[in-house]
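Protein chains: 4
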Amino acid sequence: MSASIFDGFLTTPEAAAVFSDVAVAQAMFDFEAALARAQAAEHVIPAAAATAIAGVCRAQLYDLAAMVAASGRAGSLAIPLVKELTRTVALFDTDSAGFVHWGSTSQDVIDTAMALCTKRALALIDAQLAALAGHLLTLAEHHADTPVLARTLLQPALVTSFGLKCANWAAPVVRARARLREAASRAIALQLGGAAGTLSAMGERAPQIARRMAEELQLTLPPTSWHTQRDEWVRLGCEVAVCVGSLGKIGTDLALMAQGEIAELAEPAGAGRGGSSTMPNKRNPVSAMVAIAASHRTPMRAAALLGTMAQPHERGLGEWQAELAEWPGLYLSAHGAAHALAEAFAGLQVDARRMRRNIDGLGGAVYAEAASMVMGTGIGRAQAHELMQRLTREAHTQGRELGDLVAQAIASDAKLRERVDAAAVARCFNAETAVRSAAALARRLTGELRAALRA
Amino acid sequence: MSASIFDGFLTTPEAAAVFSDVAVAQAMFDFEAALARAQAAEHVIPAAAATAIAGVCRAQLYDLAAMVAASGRAGSLAIPLVKELTRTVALFDTDSAGFVHWGSTSQDVIDTAMALCTKRALALIDAQLAALAGHLLTLAEHHADTPVLARTLLQPALVTSFGLKCANWAAPVVRARARLREAASRAIALQLGGAAGTLSAMGERAPQIARRMAEELQLTLPPTSWHTQRDEWVRLGCEVAVCVGSLGKIGTDLALMAQGEIAELAEPAGAGRGGSSTMPNKRNPVSAMVAIAASHRTPMRAAALLGTMAQPHERGLGEWQAELAEWPGLYLSAHGAAHALAEAFAGLQVDARRMRRNIDGLGGAVYAEAASMVMGTGIGRAQAHELMQRLTREAHTQGRELGDLVAQAIASDAKLRERVDAAAVARCFNAETAVRSAAALARRLTGELRAALRA
Amino acid sequence: MSASIFDGFLTTPEAAAVFSDVAVAQAMFDFEAALARAQAAEHVIPAAAATAIAGVCRAQLYDLAAMVAASGRAGSLAIPLVKELTRTVALFDTDSAGFVHWGSTSQDVIDTAMALCTKRALALIDAQLAALAGHLLTLAEHHADTPVLARTLLQPALVTSFGLKCANWAAPVVRARARLREAASRAIALQLGGAAGTLSAMGERAPQIARRMAEELQLTLPPTSWHTQRDEWVRLGCEVAVCVGSLGKIGTDLALMAQGEIAELAEPAGAGRGGSSTMPNKRNPVSAMVAIAASHRTPMRAAALLGTMAQPHERGLGEWQAELAEWPGLYLSAHGAAHALAEAFAGLQVDARRMRRNIDGLGGAVYAEAASMVMGTGIGRAQAHELMQRLTREAHTQGRELGDLVAQAIASDAKLRERVDAAAVARCFNAETAVRSAAALARRLTGELRAALRA
Amino acid sequence: MSASIFDGFLTTPEAAAVFSDVAVAQAMFDFEAALARAQAAEHVIPAAAATAIAGVCRAQLYDLAAMVAASGRAGSLAIPLVKELTRTVALFDTDSAGFVHWGSTSQDVIDTAMALCTKRALALIDAQLAALAGHLLTLAEHHADTPVLARTLLQPALVTSFGLKCANWAAPVVRARARLREAASRAIALQLGGAAGTLSAMGERAPQIARRMAEELQLTLPPTSWHTQRDEWVRLGCEVAVCVGSLGKIGTDLALMAQGEIAELAEPAGAGRGGSSTMPNKRNPVSAMVAIAASHRTPMRAAALLGTMAQPHERGLGEWQAELAEWPGLYLSAHGAAHALAEAFAGLQVDARRMRRNIDGLGGAVYAEAASMVMGTGIGRAQAHELMQRLTREAHTQGRELGDLVAQAIASDAKLRERVDAAAVARCFNAETAVRSAAALARRLTGELRAALRA
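Residue numbers (the numbering used here), protein chains in the order written: chain A, 6 to 460; chain B, 6 to 460; chain C, 6 to 460; chain D, 6 to 460.
Fair warning: there could be bad hints in the mix.
One copy or two, it doesn't matter: identical chains are merged, so the pair holds either way.
[Said to hold, decoys possible] Below, a list of computed lysine to any residue pairs in the SDA-like style, where the Cα atoms sit at most 20 Å apart:
id : residue 1 : residue 2
1  : K124      : S25
2  : K88       : T382
3  : K88       : A387
4  : K88       : I384
5  : K124      : E187
6  : K420      : D100
7  : K88       : L66
8  : K88       : Q394
9  : K88       : Q388
10 : K420      : T382
11 : K88       : E391
12 : K88       : G275
Since the hints were derived computationally from the structure, they do not count as laboratory data.
None of the values given here were measured: they were computed from a predicted structure.
Sequences and hints are given; from them, build the entire structure.
Pasting the structure below:
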């Protein structure tokens with residue numbers, strides 16, 4: 006199904022393949038084959054029927070485009086697929102044809118197929134998250150002691166450690182992997198309920214059939230069918246959206262730090278990477294772009310899933326169909342973003358000297374809080390804050406170093422001299438000192454994340 | 006770009022074709038050809054170059070899949086497209102190759118191409134809206150006097166006219182056409198700004214070039230480029246979402262009135278239409294389904310567009326790319342929904358007898374308000390309301406007709422007999438009487454809408 | 006902060022109180038008191054300062070409205086609050102005033118206060134979910150054998166058990182409680198990072214201070230501050246939205262089953278409950294209304310949270326502030342919906358006879374699948390499906406019972422007579438038989454859920 | 006209704022007052038008074054009743070908190086309000102009490118009240134938009150010739166004019182005013198339909214009553230009631246969201262240009278404006294913050310409105326109530342954002358020297374496209390692009406001026422010397438030259454916008 010040519014560079018060919026028409030159709034056939042085999046094993050249908058059915062459950066035997074076209078009138082892709090499967094079985098074995106899709110329903114085959122495809126998508130995403138986290142932790146280790154500006158409300162604030170920034174980026178990625186696995190273990194489940202979720206047409210062996218199918222298809226066996234109880238499924242979707250949210254945060258920070266005037270980071274260069282159709286000087290942060298684009302799209306996908314949860318009675322009318330159509334986009338965006346960032350951070354260009362230059366360029370203002378704290382022990386926090394605010398303004402206006410102004414202010418005021426440790430204040434105006442607590446935090450956090458990543 | 010097999014039956018092949026890879030690419034080539042021709046006409050590039058360029062601006066000459074693949078690294082589809090176009094022109098004419106894409110930028114070609122495709126999509130949608138409105142007005146005319154239950158908060162309320170219901174469905178459809186045209190006249194505009202929206206590389210003839218291009222491509226000429234001023238564009242997107250919201254309302258009402266226990270309406274029957282993969286008795290309202298599914302998806306698409314409006318500086322980083330990718334879905338959903346409903350209402354099965362039966366089945370409760378109003382003139386609105394509430398409850402509990410109970414209550418109470426016109430109250434308990442004001446409203450509204458639709 | 010008079014009846018006074026101005030401000034004061042005490046215990050500030058500070062950390066001492074007004078200019082509520090607290094401490098003890106908010110930052114106090122309030126909101130929600138689940142399971146037990154129509158795509162499908170419907174409603178409610186607790190155990194965490202998340206101003210005792218504060222405030226101690234790593238926090242928000250999604254599903258089903266023409270369920274009656282300002286006959290399902298309204302609002306709240314996750318660098322500019330403002334609405338809606346449904350299901354009116362009448366009114370069509378399955382073993386599934394489809398249509402057109410037509414069809418066709426067990430087919434046309442598999446499922450599921458609810 | 010203390014500084018007291026409980030209630034009373042007067046003028050109710058009713062239609066006479074509390078059970082605020090109004094009229098005049106709310110319905114009074122309040126909110130927003138546009142155009146005029154970096158994908162691109170940036174910010178603001186007025190002229194309409202939109206209880210004078218009411222209340226008279234046809238209403242909501250999207254763009258650019266390392270713009274300073282609770286050096290862009298926060302919230306509000314459009318039959322169950330509750334937030338955010346930006350741009354600090362310094366700091370790279378275009382006329386665009394890309398990289402690596410490298414490259418290559426006008430290339434490396442086309446554009450656009458703003 007052709008959606009938008011502009012989706013292409015926001016995802017990956019691998020993720021797109023997972024939800025391709027043929028992949029989804031094959032997963033539907035896998036359901037039908039597993040159903041037949043399980044029913045034969047439980048003596049609900051003849052063993053010969055299972056063999057006949059499973060033998061033609063191969064998507065490449067069918068005209069998928071025609072099925073998709075027919076699904077419009079039918080209101081479900083399962084209807085033409087089951088019809089064609091039945092017709093094909095009948096070519097070889099008329100009796101067996103009657104046992105195709107026995108006791109099942111459209112939603113059983115479609116939901117199970119989506120679970121199968123989603124499982125593969127999650128494996129792809131997991132691998133990229135692991136790679137990205139690995140790169141981030143390597144940077145965190147390498148740059149634990151590298152001073153860089155901390156910025157709050159898009160304004161320079163204090164000095165922090167670039168290693169801590171990397172560890173802070175890595176933490177939600179490591180958590181996302183764990184949470185996605187947890188959510189998947191609940192949501193990637195067999196769907197088997199029959200026409201109205203009662204399994205009435207499958208007889209007493211229904212539980213055993215379900216157990217066999219879940220085992221063959223490597224899916225969780227849910228307590229019952231979940232035709233219109235979408236909570237675990239939507240939880241998984243939200244989990245993907247949260248993951249993309251964290252990736253969007255990384256992409257945003259990367260883009261901000263790669264701005265020409267900041268230039269602390271740059272995405273790896275490479276032939277054709279991030280050029281411009283007209284400006285020879287451009288090197289655009291295209292990985293950040295992919296992550297940011299994803300973070301603009303997935304909140305709405307999650308909202309769409311949440312908004313379709315009120316599926317009436319035993320099968321939705323429009324809600325389920327909308328959910329199905331919205332679902333793959335989440336995974337395509339997530340894999341696109343994780344892959345793009347993993348690539349960017351694998352070859353990230355870090356300019357530690359520029360980081361230092363950006364700190365120094367602020368004339369000591371970023372040491373104001375530390376100096377204020379030291380002075381606060383002597384003259385009270387509020388007064389210290391006010392004094393530093395005044396001196397910071399003067400330093401800015403006069404284009405002077407704040408450290409010099411502060412030293413001068415202490416020296417020229419007897420009361421300050423008495424109550425404030427001038428040497429301790431002077432020590433604040435130093436990036437190596439300023440980075441220390443952040444560096445320690447970076448090391449501890451990185452160690453914990455390494456361990457979690459290995460687990 | 007393959008999105009989801011489950012998008013297939015929620016849109017139409019026509020709408021999908023409008024935004025297909027080849028259609029978008031061709032529109033991009035159309036931009037490049039128009040640019041070259043306009044620049045030649047203004048003597049900015051040689052006439053021979055324009056001829057050479059325009060001659061190979063045909064999408065079928067190029068390997069689109071390779072371009073899409075390359076767009077990932079480049080960060081924009083325009084970059085490989087311009088590169089391949091340049092290479093192809095050079096095969097025939099090295100000198101002219103240098104004039105490809107002269108002074109323009111990626112966003113110029115992509116936004117203009119999207120405007121061109123969107124214009125076609127809107128034409129498709131407009132036609133279906135017109136058809137749907139026509140069918141609805143025909144039903145409105147035919148059923149102006151047909152009594153049907155009005156339902157509020159999903160509870161029976163009063164008697165209204167089925168014609169009025171149809172006219173009320175039609176009104177927003179008629180308005181949507183007008184508003185979409187208005188929004189399109191502002192938003193379906195040429196994009197031409199050059200690298201940073203200044204047209205600096207195109208020289209003094211830039212305004213003339215833009216005028217020529219807008220004329221050739223039949224697009225609105227905007228006051229200036231709108232690279233990161235997306236308001237008119239997003240307004241158009243919101244307009245489509247509003248249109249789908251109104252279609253979703255129609256689909257919801259249709260589905261509710263087609264419920265087995267209400268059965269006042271049914272979608273047209275037909276081979277393969279709305280069947281079940283397992284239940285022979287099913288006739289599912291698949292057109293309503295498509296409209297409802299669309300109405301669950303488009304609010305999020307609109308939100309995504311709105312959420313990407315803060316495109317920084319002179320070109321977005323991720324916001325624009327997300328907008329591009331979200332855009333076509335709106336139109337695919339809108340055309341799917343309009344088409345599905347137009348089909349359903351073209352052959353709608355209206356069961357006026359069942360409508361009447363559903364009224365009668367309520368034992369006169371729906372006449373309670375009218376009777377209460379008549380009695381209110383005699384005994385005050387509050388007392389009348391309370392009396393009728395009590396009698397309605399009794400009628401319900403005893404399984405009796407409310408009209409009988411009311412008559413009896415008046416007859417047996419001297420004060421009521423005196424102050425209330427019993428005959429006038431009795432006249433309220435009649436569907437033909439009850440429908441009258443609604444029927445008059447239906448006729449007036451239908452006339453106005455017919456006129457507007459013709460305009 | 007006054008938002009909308011129309012929020013009032015969509016939530017509860019209890020939930021509103023949790024996030025009231027005074028409650029949030031008090032939670033901010035609780036943070037400041039806990040901070041001072043922990044810092045005193047770790048000898049970072051004097052014990053006397055902690056006593057002085059904690060002594061005036063009572064919201065009722067302050068002019069909250071003035072603080073909220075001042076927060077506009079300051080860009081944060083914490084700034085005026087800390088200023089007023091400092092001023093107030095100084096009234097009694099000038100020296101101690103300097104130790105107010107020592108080494109902390111606006112986001113520390115605000116995020117921690119929100120965690121404290123959210124914890125209370127979750128306790129309220131948990132209690133209502135438990136009550137609702139309890140009522141649903143009681144109904145499930147009582148009505149395990151009650152036949153009711155299963156409906157798919159808003160059309161009658163098969164017979165199921167009303168007890169199974171109740172158990173299916175209960176399952177996501179029981180899961181929501183467990184998942185909310187799990188998410189809360191991760192997200193309801195202390196925020197303590199200082200100006201840029203490095204705790205640089207708090208010295209080496211920072212970890213011990215954090216541990217003491219988490220213990221006193223009964224909050225989770227996170228691995229590090231989470232100023233711009235909002236994943237666990239947003240996960241919790243999504244979890245609330247998923248919960249509301251499941252409540253919206255219950256409300257929708259309730260509203261549909263309470264429709265006048267279906268009338269299988271009714272919300273409890275009561276003075277002033279669900280009346281109309283004009284129609285004496287109305288009894289509106291107001292609990293369903295509240296749940297449905299919530300389910301329309303919370304997906305967007307969740308999307309807003311997800312959309313603000315890309316908080317740049319060490320503190321967001323607008324993103325965090327938007328998140329804060331969107332946050333309480335989720336909980337207000339969730340508690341409103343859970344409370345409304347708990348009330349509705351506590352006194353739900355179930356009309357089992359009407360359920361049966363609605364089944365019988367369909368002339369046997371709902372037994373078509375079961376009969377088709379039995380016949381399928383003899384003549385093949387496809388042929389059986391086609392035959393039943395034809396007979397169902399005839400039954401509908403002729404207004405006859407499907408069971409009679411089927412019996413007649415078998416009797417009059419030698420081949421059918423031979424291959425199909427007519428008695429077995431006839432047994433299908435019976436609600437008690439049809440409900441059996443659903444009833445068994447209901448019993449098993451209800452037992453499991455009772456156990457889970459007790460856990 | 007208390008929502009969130011953190012809403013406070015994201016809106017204004019004026020906008021909050023417009024939708025306060027008392028303002029909405031008064032607007033409901035205004036409806037009831039207008040209804041009574043119009044019905045008396047049309048002799049539908051006695052003149053004395055109108056006088057009695059209108060006389061007590063003052064919100065301050067009633068216990069609003071009790072009404073809001075009662076609205077929960079009733080399912081609508083109109084029910085307790087009408088009840089209390091009736092009771093109050095009856096205190097003075099029993100007969101007249103029966104004519105309160107005559108023939109009307111809850112939704113009539115509530116929707117009309119919302120239209121009245123919304124009209125006032127739009128007037129507030131309009132004034133701020135006009136102020137903001139005025140400030141922006143003044144800046145545009147003043148800075149038409151001021152060179153500033155154009156940045157694409159958050160990377161330096163070319164030189165543009167700061168005046169053009171201002172004019173580009175102003176354009177959507179000017180358009181928003183016009184579009185909001187247009188949308189309001191359609192949507193700010195009387196609601197009058199009676200219980201089911203048929204006006205059945207109001208008799209033949211219904212159209213005249215509606216006309217009189219629209220006139221008295223200064224509202225648009227719609228073709229019919231719009232109880233469940235919300236398209237014009239939601240269109241208006243979307244229009245507000247589009248407006249906020251454009252404001253968010255301005256806020257984002259402002260915040261980016263105010264970054265410490267860019268420092269081209271700063272919000273006005275002032276006591277208490279944008280400070281930090283801990284860092285004396287901070288001056289946070291709090292106006293940008295408010296606009297950005299708004300732009301994160303309004304897309305979801307618009308989506309919520311769009312998502313509630315499928316209001317079933319003649320009155321929604323949950324959808325309408327959710328819409329009502331979501332509605333005011335849009336306007337509160339919009340006014341907050343417009344007001345904040347108007348304040349910021351009234352006193353904006355523009356550092357033109359820093360703008361120039363940021364251009365110069367890039368070593369000529371931003372002139373690469375211009376130089377490439379000039380060279381392209383000689384050696385072809387592709388070759389020129391490649392040569393400039395190489396030289397730009399060299400300039401960057403060697404820390405040299407691109408202009409020098411280019412001059413040297415031409416001088417040292419005979420073929421280039423021959424085909425390229427070295428002097429013309431040299432002229433490109435100059436900010437005053439580079440800004441020219443943008444300056445012209447700025448002047449033209451500013452003139453057009455001034456005229457439109459005056460209109």
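Reference check for the pair K88 and E391, CA-CA at most 20 Å: within, between, both, or neither?
Only across copies: K88 and E391 sit 12 Å apart there, 79 Å inside one copy, limit 20 Å.
20 Å Cα cut-off: does K88 pair with Q388 within a copy, between copies, both or neither?
between (82 Å within a copy, 12 Å between copies)
Could you figure out if K124 and E187 sit no more than 20 Å apart (CA to CA) within one copy, between two copies, both or neither?
Answer is within: at 12 Å inside a copy they meet the 20 Å cutoff, but 23 Å across does not.
At most 20 Å between CA atoms: does that hold for K88 and I384 within a copy, between copies, both, or neither?
between (85 Å within a copy, 16 Å between copies)
Please work out whether the CA atoms of K88 and Q394 approach to 20 Å or closer within one copy, between two copies, in both situations, or in neither?
between (77 Å within a copy, 15 Å between copies)
Reference check for the pair K420 and D100, CA-CA at most 20 Å: within, between, both, or neither?
Classified as between; 15 Å across copies, 103 Å inside a copy.
For the identical chains here, do K420 and T382 meet the 20 Å Cα criterion within one copy, between copies, both, or neither?
Within one copy only: 14 Å inside, 72 Å across.
Same-copy or cross-copy closeness of K88 to A387 [CA-CA at most 20 Å]:
between (79 Å within a copy, 8 Å between copies)
My question is about K88 and L66: at a cut-off of 20 Å on alpha-carbon distance, are they close within one copy, between copies, both, or neither?
within (14 Å within a copy, 40 Å between copies)
Cα distance capped at 20 Å. Does K88 pair with G275 within a copy, between copies, both, or neither?
between (51 Å within a copy, 17 Å between copies)
Under a CA distance limit of 20 Å, which applies to K88 and T382: within one copy, between copies, both, or neither?
between (82 Å within a copy, 18 Å between copies)
Is it within, between, both or neither when you check K124 against S25 at 20 Å Cα-Cα?
For K124 and S25, only the intra-copy Cα distance (14 Å) is at most 20 Å; the inter-copy one is 29 Å.
The structure agrees with every numbered hint stated previously.
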